[in-house]
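S.K.: Each chain, letter by letter, is given below.
4 protein chains.
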Amino acid sequence: MRDLLREVLEANLRIPKEGLATLTWGNVSGVDRGAGVYVIKPSGVPYARLTEEDLVTVEIETGRVVGSRLKPSVDSETHRLLYQAFPEIGGITHTHSTHAVAFAQAHRDIPVLGTTHADNFNGPIPVTRDLTPAECESEYERNTGLVILDVLDGDAASVPAALVASHGPFTWGANATKSLETAVVCEEVARMAIHTLALNPAAEPPEHLIRRHYTRKHGPDSYYGNV
Amino acid sequence: MRDLLREVLEANLRIPKEGLATLTWGNVSGVDRGAGVYVIKPSGVPYARLTEEDLVTVEIETGRVVGSRLKPSVDSETHRLLYQAFPEIGGITHTHSTHAVAFAQAHRDIPVLGTTHADNFNGPIPVTRDLTPAECESEYERNTGLVILDVLDGDAASVPAALVASHGPFTWGANATKSLETAVVCEEVARMAIHTLALNPAAEPPEHLIRRHYTRKHGPDSYYGNV
Amino acid sequence: MRDLLREVLEANLRIPKEGLATLTWGNVSGVDRGAGVYVIKPSGVPYARLTEEDLVTVEIETGRVVGSRLKPSVDSETHRLLYQAFPEIGGITHTHSTHAVAFAQAHRDIPVLGTTHADNFNGPIPVTRDLTPAECESEYERNTGLVILDVLDGDAASVPAALVASHGPFTWGANATKSLETAVVCEEVARMAIHTLALNPAAEPPEHLIRRHYTRKHGPDSYYGNV
Amino acid sequence: MRDLLREVLEANLRIPKEGLATLTWGNVSGVDRGAGVYVIKPSGVPYARLTEEDLVTVEIETGRVVGSRLKPSVDSETHRLLYQAFPEIGGITHTHSTHAVAFAQAHRDIPVLGTTHADNFNGPIPVTRDLTPAECESEYERNTGLVILDVLDGDAASVPAALVASHGPFTWGANATKSLETAVVCEEVARMAIHTLALNPAAEPPEHLIRRHYTRKHGPDSYYGNV
Numbered sequence: 161m162r163d164l165l166r167e168v169l170e171a172n173l174r175i176p177k178e179g180l181a182t183l184t185w186g187n188v189s190g191v192d193r194g195a196g197v198y199v200i201k202p203s204g205v206p207y208a209r210l211t212e213e214d215l216v217t218v219e220i221e222t223g224r225v226v227g228s229r230l231k232p233s234v235d236s237e238t239h240r241l242l243y244q245a246f247p248e249i250g251g252i253t254h255t256h257s258t259h260a261v262a263f264a265q266a267h268r269d270i271p272v273l274g275t276t277h278a279d280n281f282n283g284p285i286p287v288t289r290d291l292t293p294a295e296c297e298s299e300y301e302r303n304t305g306l307v308i309l310d311v312l313d314g315d316a317a318s319v320p321a322a323l324v325a326s327h328g329p330f331t332w333g334a335n336a337t338k339s340l341e342t343a344v345v346c347e348e349v350a351r352m353a354i355h356t357l358a359l360n361p362a363a364e365p366p367e368h369l370i371r372r373h374y375t376r377k378h379g380p381d382s383y384y385g386n387v
Numbered sequence: 161m162r163d164l165l166r167e168v169l170e171a172n173l174r175i176p177k178e179g180l181a182t183l184t185w186g187n188v189s190g191v192d193r194g195a196g197v198y199v200i201k202p203s204g205v206p207y208a209r210l211t212e213e214d215l216v217t218v219e220i221e222t223g224r225v226v227g228s229r230l231k232p233s234v235d236s237e238t239h240r241l242l243y244q245a246f247p248e249i250g251g252i253t254h255t256h257s258t259h260a261v262a263f264a265q266a267h268r269d270i271p272v273l274g275t276t277h278a279d280n281f282n283g284p285i286p287v288t289r290d291l292t293p294a295e296c297e298s299e300y301e302r303n304t305g306l307v308i309l310d311v312l313d314g315d316a317a318s319v320p321a322a323l324v325a326s327h328g329p330f331t332w333g334a335n336a337t338k339s340l341e342t343a344v345v346c347e348e349v350a351r352m353a354i355h356t357l358a359l360n361p362a363a364e365p366p367e368h369l370i371r372r373h374y375t376r377k378h379g380p381d382s383y384y385g386n387v
Numbered sequence: 161m162r163d164l165l166r167e168v169l170e171a172n173l174r175i176p177k178e179g180l181a182t183l184t185w186g187n188v189s190g191v192d193r194g195a196g197v198y199v200i201k202p203s204g205v206p207y208a209r210l211t212e213e214d215l216v217t218v219e220i221e222t223g224r225v226v227g228s229r230l231k232p233s234v235d236s237e238t239h240r241l242l243y244q245a246f247p248e249i250g251g252i253t254h255t256h257s258t259h260a261v262a263f264a265q266a267h268r269d270i271p272v273l274g275t276t277h278a279d280n281f282n283g284p285i286p287v288t289r290d291l292t293p294a295e296c297e298s299e300y301e302r303n304t305g306l307v308i309l310d311v312l313d314g315d316a317a318s319v320p321a322a323l324v325a326s327h328g329p330f331t332w333g334a335n336a337t338k339s340l341e342t343a344v345v346c347e348e349v350a351r352m353a354i355h356t357l358a359l360n361p362a363a364e365p366p367e368h369l370i371r372r373h374y375t376r377k378h379g380p381d382s383y384y385g386n387v
Numbered sequence: 161m162r163d164l165l166r167e168v169l170e171a172n173l174r175i176p177k178e179g180l181a182t183l184t185w186g187n188v189s190g191v192d193r194g195a196g197v198y199v200i201k202p203s204g205v206p207y208a209r210l211t212e213e214d215l216v217t218v219e220i221e222t223g224r225v226v227g228s229r230l231k232p233s234v235d236s237e238t239h240r241l242l243y244q245a246f247p248e249i250g251g252i253t254h255t256h257s258t259h260a261v262a263f264a265q266a267h268r269d270i271p272v273l274g275t276t277h278a279d280n281f282n283g284p285i286p287v288t289r290d291l292t293p294a295e296c297e298s299e300y301e302r303n304t305g306l307v308i309l310d311v312l313d314g315d316a317a318s319v320p321a322a323l324v325a326s327h328g329p330f331t332w333g334a335n336a337t338k339s340l341e342t343a344v345v346c347e348e349v350a351r352m353a354i355h356t357l358a359l360n361p362a363a364e365p366p367e368h369l370i371r372r373h374y375t376r377k378h379g380p381d382s383y384y385g386n387v
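Residue numbers (my numbering), protein chains in the order written: chain R, 161 to 387; chain Y, 161 to 387; chain Z, 161 to 387; chain U, 161 to 387.
No wet-lab data here; the hints were simulated from the structure.
One or more hints might be untrue.
One copy or two, it doesn't matter: identical chains are merged, so the pair holds either way.
[Stated by the list, open to error] With a cut-off of at most 27 Å between alpha-carbon atoms, the simulated BS3-like pairs for lysine-lysine come out as follows:
#1 177 / 338
#2 177 / 231
#3 338 / 377
#4 231 / 338
#5 377 / 231
Assemble the whole structure, with the sequences as input and the hints as a guide.
M.R.: This is the structure we're talking about:
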C-alpha cells in the first residue's frame, strides 16, 4: 500500500511535468485488487503541494471513501466503473492534454497514421458518442464511464485509451505509471496526427506495416525491450 | 497591504513563468477595497528585476498614484474602470498570450468547444467591438475598459474574461491570483480551440454536457474541490 | 570595449535561451562608433562554449578583422553594410527563428494584425525581393544587406526588422540587447500572425488603434515605461 | 572505445533533451571501423537510467552482439545495413520527432524552402516508398534499411537524412554527434516547412540562393566555421 501511494503520487506529478495539463487538471489512480480499493488524486488540490497523505482511497465495489480526509477527484466514479468492468486494469489516467482534447472536441477518432501510433495502440483511439441529457443529469461521472465501455465493446487491451466526446482522454494500463505513459503517447500521436492531416488529409499507412509494428512490441511474437 | 503586495508581485511573475507573454508584456493588479486602492505592475519594468517596492498603488476613485516612485502600467486606467464597474472583482490580469491574442486579432469569440472551457467559463469568451477613432484619440485606456463593459452587459461573473479586439485578453477574479489563473486557462482553451477548429470547423458540444460541467464547479450545486 | 564585449556575448547567449535558433545558428553584433568597429559572434562556434575572447572585432569601414583569432560570422558583411548605411544603429541580430522564417520562406510580409505588432513596429515587417543569380554569385552577404536596404527605402527606424526572402529575419536597434529583443518580438508577432490568419485570413485591425499603440510607446507623445 | 561509448551515450541523451522523442523512443549509434563494430542504445531502456554499460556493441559484418548483457535497439539491423552500404558513415540517429514524422506519415518529402534547409541538406529530405507485405513479414528492420538505400540511390552525402514512409526520420553523419545534430535540424526544417506551406502552399526559393548556401557550408568552396 505504501508503494501504491508513492507510485500514484509520482504518476500524478508527471501530469504537469509532461505538459499534459495546467493548474489542478487531470488525475491518476492505481489499484490494489487484493484490498479491493483504488487510490486517486483528491479534487482540486494543486500539484505543487500534493502529498501521499492527500491521496484518497476508494472501495471498488461500493465507492466508499476509506479513511481519507479529502474528497476524491470528481472523476472518481468514472475510474471506478472502468476498474469494475476490466479486472486486468491496474491504473487509469485522465488529462486535458491539448491535442488529444482537440480530437475529442472535434468528435474525431485519432486515426492510425504511422508506426508511433501502432507501436502503442492496435487501432484508432476512439471518441465516444455524446452523453444524452438524462446521462448528464444524474450519475454523470458513472455515465461517462459507460460511454467509454460502449466504445470499447469489451476490449480494453487492444487500445488502452478513449476520448470522451467534447471532453478529453482517459488512458489505462497494468498500473498507474503505465496509464500515465499511455497518456503521454496519446497526446503525442494526437499532435503528430494534426500536423499529418494538415499536410495530407488522406494520409494512410499500409496495414501490414501497422500490423508488424504492433506485434513487434505486443503479444507472443514481441521482440522489443529488455526484461 | 503587505500580503497584497506579495500576492500581486507573485501573480505578475507567473506571467512569464506560465508562458503568457515575453519581455515586459502583461500586467496583474489586485485590490484593497477597504483602502480604496489597487496595486499594479509599473510600466515597462522587466520581470527579472521586479520587486514589491516597484509596484504602484492607485486610488480606485481618482486614479491618483499613492506614494509610489514609478508610473503604473499604461493599462492602469482599464483596470481602474473594471474595478469601478464591478465591486466583486478583486484582481485583474492582462496578457498578450499567443493564442488568445490570435482570437482577438481574428475578431472571433473563443467558442465553447468542450468541458475544459465549460469548467471555467459559462459561455464563449467574447471579443469586443473595435474602438472608434474618437475612443482611440482621447482617454484610450479608459475607453478600452468601456468596450469591455459593453460586451459584458453587466455580468462579470459568468465569463471572467474578454478579448479586446485586435489587442488581447483581460481576465479577472476574486483576487490577483485567480485572475492570473483565469488568464492561463483562457490561453489554453484558445490553443485547444485553434486545433479543434482545424480538425472540425463545425465542432460543437452538446449544451447539456456544458451545463453539467459548469455547474459541477460553480454555483450552489457545485461538488468540485476540497475546501 | 569591455562592456561592449560583455553585452554582445550576453545578447548572443539569449538566442538559444529565447528559443530563437538551434545549434550554432544566429548571431548578434554591437558597435563602438568611436572606435569605428563592431563586435560579432565567430562563425560556427556552439553557444555552450562561446566566450568574450571568441568574439570578433571588425572595422566598419574596411571589414578588416582586428586582433581576433577567429573568423567572424559568415553574415558579418551583411551586418557591416547595415552599420554603414544607418549610423543610428548600434546592434544587429540575425536568427533563423521558426515562425519568422516561415514568413520569409512564404515570401510574405508579417502584416500588422494587432497591438502587439504596433507596440513595436510602425508597419508590416517587410520581406525583401529574391537575390538575383549575379547577387548570389559574388559578394553574396553584402548583397543580402543591399536587398534589405532596398526594402527599407532609407528608413531603418519605423520598422527595425526585415525578412530576407527564403532566408530569415534581421533586426536592429540602439544596441545589441535591443536588437536581440526586437528579434524576440519579431518571432512572437510572426507566431501570433500565423494563428490569426488561420482563424481569419482577412483579419485587419483599425488603423487608428494601430496608430495609438505605436505612438503610445514611440516618439514625442510616448507615455510608456519608467526611465 | 571508451570515447565511443561516451559519445554514443551523450548523443542518445540529447534525444529527449532536444525534444526529439518521448519516453524510450529513438536511438543513436556510433561506429568503430577499425574494430568492425558499432555501439547502439539497448531496446526499451528509459533515458533517465541509461549508462555506458547498457550500450550494446554489434559486429557490422555479422550482426552478432559482442559482450553485452542487453539486446540492442529493435532498429539495430537498419543501422547495420546503412553502415555496410556507406563506409563513410560514422553515426546514425533514428527519432520519432513530431514534425519530421508528420511528413513521413503524410508521404511527403520535406521540400527545400529556404536557406536553413540548404545550409544542411543538398536537396529535399526524401520519403521512402512503403514497404511491401513481404518486406514487413520477414527481416523487417533490414528491409527498412533497403528502402532507405533505394531512395538515396547511392548518395548518402548530399542529404544525410531520409524519412521512412509512415514511420519517421533516420539521419547520419561522420559520427554519432553529427548524426544527432542532423536529426535536430531535420525536425526544425520540418517544423518551418509546415508553417511555410500553411502561409504559401506554392512557396519556392530561387535555385541560385539554395546553391550558394549549400556550397557556403559544404565542399571545396566552403567558408563557414572556425576549425
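S.K.: Among all the numbered hints in the text so far, which are the ones the structure does not match?
M.R.: none
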